[in-house]
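Going down the list, the protein sequences come from chains A and B.
The first sequence begins at 0 in numbering that gives the first Met the number 0 and counts up by one.
The second sequence begins at 0 in numbering that gives the first Met the number 0 and counts up by one.
It is worth saying that the hints were derived from the structure and are not from the lab.
Predicted, not measured: the structure shown is a model, and the values here were computed from it.
It is possible that some hints are incorrect.
Stated by the list, open to error - Quick list of in silico lysine-lysine cross-link-like pairs, DSS-like style, CA-CA up to 30 Å: (1) A:Lys245 - B:Lys90; (2) B:Lys90 - B:Lys162; (3) A:Lys71 - A:Lys245; (4) B:Lys214 - A:Lys245; (5) B:Lys214 - A:Lys71.
To be verified - Chain A residues, not near chain B, derived (Cβ > 12 Å throughout): (6) Gly16; (7) Pro104; (8) Arg147; (9) His171.
Positions of the beta carbon are idealized from the N, C-alpha and C atoms, including for glycine.
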Amino acid sequence: MPEFQTNCTVVQVEHLGADIFRLTLEAPDIAEVVRPAQFVMVSCGTDQDPLLRRPFSVHGKQAGGRIQLLFKIVGRGTALLAQTRVGQDLSLVGPLGRAFRPPPPTGEVCLVGGGLGIAPLFFLAQRLLEQGRIPLVLLGAGSAVELRQLRQDFHELGCPVHLSTVDGSLGHHGLVTELLPALSDKVGKLYTCGPVPMMAAVARFCGDRIACEVSLETHMACGLGACLGCAIPVPGRSDAYWHVCKHGPVFDAAEVVWP
Amino acid sequence: MTIYNRADSPDLSVHIGALRLANPVMTASGTFGYGAEFAGLLDLSSLGAIIVKGISLAPRAGNPPPRIVETACGMLNAIGLENVGLERFLKEKMPYLRQCGTPVVVNILGDSVDEYALLATRLAGVEGVAALEVNISCPNVRMGGVAFGAEPQMAAAVVRAVKEQAGQPVIVKLSPNVTDIALMARAVEDAGADALSLINTLIGMAIDIHTRRPKLANRTGGLSGPAIKPIALRMVWQVAQAVSIPVIGIGGIATAEDALEFILAGASAVQVGTANFYNPRATQEVLDGISAYLRQHHEPSLQAIIGGLHG
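The shape of chain A in the complex, shown without the other chains (with noise of 0.2 Å):
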C-alpha cells in the first residue's frame, strides 16, 4: 500500500457546533488510495510542541482529491488544529492501517457510530453506496447539537439515519444501542466505530449472528509500527498484543478484549 508524507491546503474549516470541527483538505495522493477507516497521522502545531502527530481517520472523500477530517477538542493538539485556517498547509502521513472489509454480497448493512466515532462511517458509507449498497446508519451523541450536520450528510448520500442522544435533544432519547434489537434480521453485516462501551455493546448484540467490524482508536506515536505504542490485548492470550495502527484500526468483534 502506498504512503505518503505530504503538506496538504487546507480548504475549508467548518465549526460543526460544540467543539466539533471538520477540515476539508487537498489531497491527491492519499485521495487517490485512502480507503474506509484508514486514518493519516497530522502535524497539529508548526514547532515541537505539542510534538507528536495525532491520528484521525479519514472522513471523507470529495472530487477533486479531497479528504475531510472531523474532531472534537480533546487536548492540545486538537485545540491547535481548530485554530487552523483555509490556504494553510498541514503536514499528513498516511494513509496507514488496515480498512473495513466490505460487506458480502447480500444482506444488509448497517453502520453505528457514537460521537467521533462516527468520523470513517461517514467514509464507509460513501463507498458503500458507490457500490450500490444503502446501509443503515444509526448515530448517537451526547446532544443535538453534535448531530444536525452529520445526519443531513448521510440524508444527502441517501442513507436511512436513526438518532439517539444521551439529553433526549434529538431523536431516541438514550444509547445508540438502545436502536439495536429494532434491527431487521436481515442484517448481515455491522460497522462500528465509537466510545468502547458502545462497541462493546454493539459487539455483545452482534455474538456470533452478525459479522461485526470495530474501528479502534488509541494513543500512538508513529502509526507506522515502529514505536509500539498503541499495544492492544489479545483475546485468551496473556503473552501478545495487537498494535491498531498495523493490525487495525479494524478489528473483527472477536478479536478484541471487551471490558
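Could you slot chain B onto chain A? The hints should help.
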C-alpha cells in the same frame, strides 16, 4: 591544505572502529522498527546505518498499555522491550534488511551476561550484520533487577562477554541514569568496547491528576525527544573527552543543527530517534542539512569538524 572544488559533495563517510559508514546518520534502536516500516516514506539506502529494535534470545511481548505518553517537547515510553526474538529476526527481518544494502546494526538485550554472550555468538557469522549495539539499560535479573548499565562492573562484564563472541564491532549504548557517565564510559572502553552510543532514555514519570494514577501502566518510562537534547549533548561532550574510542550521539536529534551540535561536541556519528515517529523523513533531512553545512563552511569532510568545539 586540502584543495577541493566548492561544488564537490563533502565527504560524509565516518569510521566507527572497524565499521565504515557512508554517512553519520543512523536510526536509533526502538524508533525505526526493523526498517521496512519506513520503506514507503524514505529511501533506506540513504541511511548511514539502520539500528533495529532491540533483539532478545526469546520473543518478548512487552508491557501492558498504556505504553506511551506525550510530555512537553518529548514523550515517555514503557514498551517493555517488545521484540520478535532472535530466530524470527533472522528469518523474517534480516532478508529484507540485507537487500537494502544499508549497514545493519543489531541492538541486543538480555537479562543475564550469558544471554548477551549467546546473542553475540549467534549473530557473529550473520551476513549483513555490520555491528552490534549492546543495550545495557536492561535489568539484570540475577542482581535483583538493577540495570547492567547502572554499575560499571556489571556493564564491563557484559561487554567482555560480548566482545569474546562477537564477529562484528561492538557499540555499547550507555544509560544516562547514572551518577557519572564518564566513569561508566571508561569502564566499558576498558572492557573492550569498539565504540559508545549515548544517551538512552532518561527515566521519567507522568501522573493523571484526575484519576490520580500514573499515566503509564509501568508507572515509569523512558523520556526521549527534544526535551532531553541538552542533557544528551552535555553527556556526549563529557564522554568524548573521557575516552579514545568513537562516540555516537543520541538524544533529541531532529534536525541537522541538532546533529551538528553533537558532532562538534565530539560525536563521530549520530542516531535519530523519536523524531522518526513524528517526521519519518527526519534522517534524510538531517543528512541533507549536514551536507549543506559542510559546503557552506567550506569543510571538505565531516571528519574535519568532529570535536571541533571551540572553548
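How the hints compare with the structure:
{"no.": "1", "hint": "A:Lys245 - B:Lys90", "in the structure": "holds (20 Å)"}
{"no.": "2", "hint": "B:Lys90 - B:Lys162", "in the structure": "holds (24 Å)"}
{"no.": "3", "hint": "A:Lys71 - A:Lys245", "in the structure": "holds (24 Å)"}
{"no.": "4", "hint": "B:Lys214 - A:Lys245", "in the structure": "holds (23 Å)"}
{"no.": "5", "hint": "B:Lys214 - A:Lys71", "in the structure": "holds (22 Å)"}
{"no.": "6", "hint": "Gly16", "in the structure": "holds (26 Å)"}
{"no.": "7", "hint": "Pro104", "in the structure": "holds (32 Å)"}
{"no.": "8", "hint": "Arg147", "in the structure": "holds (30 Å)"}
{"no.": "9", "hint": "His171", "in the structure": "holds (30 Å)"}
When each numbered hint is compared with the structure, no violation occurs for any of them.
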